[in-house]
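Enquirer: Residue strings, one per chain:
2 protein chains.
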Amino acid sequence: MLDLSHYGEDAVVARLTALLEAGPGTLTGPGDDCAVVEGSGRGEVELLKTDCIICGVHFLPEASPRKIGWKAVARTLSDFAAMGGWPRHLMVTLALPSDCQMRWVEEVYRGMNKCARTFNCSIVGGETSSLPAGAPMMISVAGTGSARRSQVVLRSGGEPGDVLFVTGTLGGSQQGRHLTFMPRLAEAEWLSQNFRVHAMMDLSDGLAMDLPRLASASGCGFRLDEEALPRSRGVVLEQALRDGEDYELLFAMSERSARRLVVEWAEKFPRLKLSRIGGLSSDGAAGLTGGWDHFSE
Amino acid sequence: MLDLSHYGEDAVVARLTALLEAGPGTLTGPGDDCAVVEGSGRGEVELLKTDCIICGVHFLPEASPRKIGWKAVARTLSDFAAMGGWPRHLMVTLALPSDCQMRWVEEVYRGMNKCARTFNCSIVGGETSSLPAGAPMMISVAGTGSARRSQVVLRSGGEPGDVLFVTGTLGGSQQGRHLTFMPRLAEAEWLSQNFRVHAMMDLSDGLAMDLPRLASASGCGFRLDEEALPRSRGVVLEQALRDGEDYELLFAMSERSARRLVVEWAEKFPRLKLSRIGGLSSDGAAGLTGGWDHFSE
Chain L
0 MLDLSHYGED
10 AVVARLTALL
20 EAGPGTLTGP
30 GDDCAVVEGS
40 GRGEVELLKT
50 DCIICGVHFL
60 PEASPRKIGW
70 KAVARTLSDF
80 AAMGGWPRHL
90 MVTLALPSDC
100 QMRWVEEVYR
110 GMNKCARTFN
120 CSIVGGETSS
130 LPAGAPMMIS
140 VAGTGSARRS
150 QVVLRSGGEP
160 GDVLFVTGTL
170 GGSQQGRHLT
180 FMPRLAEAEW
190 LSQNFRVHAM
200 MDLSDGLAMD
210 LPRLASASGC
220 GFRLDEEALP
230 RSRGVVLEQA
240 LRDGEDYELL
250 FAMSERSARR
260 LVVEWAEKFP
270 RLKLSRIGGL
280 SSDGAAGLTG
290 GWDHFSE
Chain R
0 MLDLSHYGED
10 AVVARLTALL
20 EAGPGTLTGP
30 GDDCAVVEGS
40 GRGEVELLKT
50 DCIICGVHFL
60 PEASPRKIGW
70 KAVARTLSDF
80 AAMGGWPRHL
90 MVTLALPSDC
100 QMRWVEEVYR
110 GMNKCARTFN
120 CSIVGGETSS
130 LPAGAPMMIS
140 VAGTGSARRS
150 QVVLRSGGEP
160 GDVLFVTGTL
170 GGSQQGRHLT
180 FMPRLAEAEW
190 LSQNFRVHAM
200 MDLSDGLAMD
210 LPRLASASGC
220 GFRLDEEALP
230 RSRGVVLEQA
240 LRDGEDYELL
250 FAMSERSARR
260 LVVEWAEKFP
270 RLKLSRIGGL
280 SSDGAAGLTG
290 GWDHFSE
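Top line first, the protein sequences correspond to chains L and R. For the first sequence, numbering that gives the first Met the number 0 gives the first residue as 0, with consecutive numbering after it. For the second sequence, numbering that gives the first Met the number 0 gives the first residue as 0, with consecutive numbering after it.
Think of the hints as simulated: they come from the structure by calculation, not from any bench. Note that this is a predicted model, so its numbers are computed, not measured. Please note that the accuracy of each hint is not assured.
EDC-like mimics (lysine to aspartate or glutamate), calculated; alpha carbons at most 16 Å apart, straight line [claimed, not checked]:
#1 L:K267 with L:E158
#2 L:K66 with L:E20
#3 R:K66 with R:E20
#4 R:K113 with L:E188
#5 L:K113 with R:E106
#6 R:K267 with R:E188
Distance windows between CB atoms, simulated [claimed, not checked]:
#7 L:G233 with R:L1: 38 to 46 Å
#8 L:G218 with R:A21: 41 to 49 Å
#9 R:R259 with L:P23: 30 to 38 Å
Positions of the beta carbon are idealized from the N, C-alpha and C atoms, including for glycine.
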């Protein structure tokens with residue numbers, strides 16, 4: 000009898016999703032940032048995502064409730080960005096102890112609503128449930144959205160020779176940015192509309208864990224130019240690689256697209272750093288492992 | 000500073016959803032069994048729902064993991080039935096302690112998948128998260144589905160003089176049925192296709208709590224014929240009213256439709272009891288309160 004810590008998060012997910020049978024209309028099932036299903040036609044697909052944050056794991060009890068609400072929604076939105084799509088409707092499940100303060104919960108809701116409205120989507124459904132005494136509160140946010148069929152970006156489309164980019168800076172998110180980050184929706188939409196992005200994901204568990212996932216989904220190895228990693232202020236290389244919760248975009252495209260991108264990005268998003276950090280290769284990965292694994296010991 | 004137990008579940012939900020701003024395309028926001036949003040046209044609307052079950056609240060740790068998985072999915076499906084719609088795609092969030100047994104989690108997934116496939120829908124996305132030591136495990140299931148625009152049944156369409164019906168029998172669900180119940184999807188679909196159902200919901204918190212909700216949403220009072228309540232075997236009236244977790248349909252329609260229904264139901268669903276239990280009225284409700292309130296003391 001083995002417990003989850005024996006397997007690690009990726010193996011747990013792989014074993015569980017192997018038990019599911021895909022139904023009709025499912026274009027991309029579990030394993031990418033969002034699921035992709037048949038949409039309303041006219042060249043659109045529907046994107047689906049659910050995510051949750053838990054007190055003591057994703058935020059501390061003393062954090063600002065408004066920021067906790069922001070984060071709960073922003074994490075889900077970030078997964079829509081990672082697909083080159085846009086979220087539309089959100090549903091929220093709150094599991095709360097009965098001794099939770101009403102005013103505190105209202106602040107969480109204000110934070111959730113603010114994040115949703117900032118990105119032109121709306122919370123259309125809510126569910127609340129009580130928790131046994133002493134259990135940590137949990138917020139789950141599920142979302143639906145859409146993308147043009149021709150512009151959906153999966154993790155699996157990377158090719159040997161592709162250039163790897165990340166937006167923003169990495170590491171040190173625990174000092175506050177993990178609660179206030181901006182999902183890169185506008186940037187991802189512009190990217191997928193104007194470039195052939197081969198593969199993309201959002202960085203939630205740290206580049207050291209997420210880059211091997213993208214490379215592996217694409218059937219590629221990778222090389223990482225550690226000197227080129229964009230580090231947040233006061234952060235050392237190890238932190239940039241392994242802290243996690245950056246919620247920046249990691250993506251791959253051809254060398255030719257990459258050259259054009261570097262020029263156009265600087266004009267379009269002058270205030271958001273874009274860094275070329277390495278490339279995909281046909282050989283095995285450099286031995287980069289680690290990061291934040293939800294079930295590792 | 001007041002905590003949630005001071006307000007009770009309905010007031011908590013009302014206060015929280017008042018903080019949300021409805022976006023474009025939202026036809027029915029929080030407050031009904033599902034949210035209703037603009038669909039793909041051709042007379043269809045999209046339905047959205049999220050729900051969760053928590054160890055110690057909705058199931059005991061020693062329950063069969065396959066049944067726990069069934070219940071997690073069946074609860075969400077039951078809300079689609081309550082709207083006269085059908086679910087299509089499901090997303091699952093599992094929050095698990097690291098010392099959870101892999102084989103146990105796989106059984107939960109098998110139960111979820113079985114319920115989904117039984118009702119022709121599929122689980123297209125999964126998310127797993129770790130929990131702090133000692134925290135109760137939680138399964139959240141979000142779903143999307145659809146209904147014909149002309150056949151969506153809200154809680155709010157009941158009229159004075161309407162007849163009230165419930166399917167099945169009530170009470171005693173904790174003895175096992177709460178883990179194995181069949182969402183009334185086929186029955187609700189047939190009802191909404193063949194009758195003008197004015198208002199409908201699924202019974203999750205007990206008739207004593209849910210009937211006042213339906214009546215109140217419809218701006219009606221109600222009378223309940225307690226003699227006519229269909230009680231599960233070995234169950235007294237109070238239990239049929241207040242045990243909760245029946246997941247049967249409660250619905251309202253005109254007297255004329257009701258007479259036709261009673262005849263046709265017996266032919267169509269000979270093995271599922273249908274009971275006429277009272278009616279909606281223009282005066283205030285009979286003083287029926289109680290049932291299962293998630294945040295009451």
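Enquirer: Taking the hints in turn, state whether each one holds.
Expert: Checked hints:
At most 16 Å may separate the alpha-carbon atoms for a hinted pair to count; K267 (chain L) and E158 (chain L) exceed this at roughly 26 Å. Annotation: proposed proximity of K66 (chain L) to E20 (chain L) is violated, straight-line Cα distance about 37 Å (limit 16 Å). With a CA separation close to 37 Å, the supplied pair K66 (chain R) and E20 (chain R) exceeds the 16 Å bound. Using a Cα cut-off of 16 Å, the hinted pair K113 (chain R) and E188 (chain L) is violated, with the two alpha carbons roughly 37 Å apart.
Among the hinted pairs, K113 (chain L) with E106 (chain R) is inconsistent with the structure: their alpha-carbon atoms are about 39 Å apart, more than 16 Å. Restraint check: the Cα-Cα separation between K267 (chain R) and E188 (chain R) comes to about 12 Å, which is no more than 16 Å; the hinted pair holds. Between G233 (chain L) and L1 (chain R), the C-beta spacing of about 41 Å keeps the proposed range 38 to 46 Å intact. Range check, G218 (chain L) to A21 (chain R): about 44 Å between beta-carbon atoms, so the 41 to 49 Å window is met.
The hint said 30 to 38 Å for the Cβ distance between R259 (chain R) and P23 (chain L), and at roughly 35 Å that hint holds.
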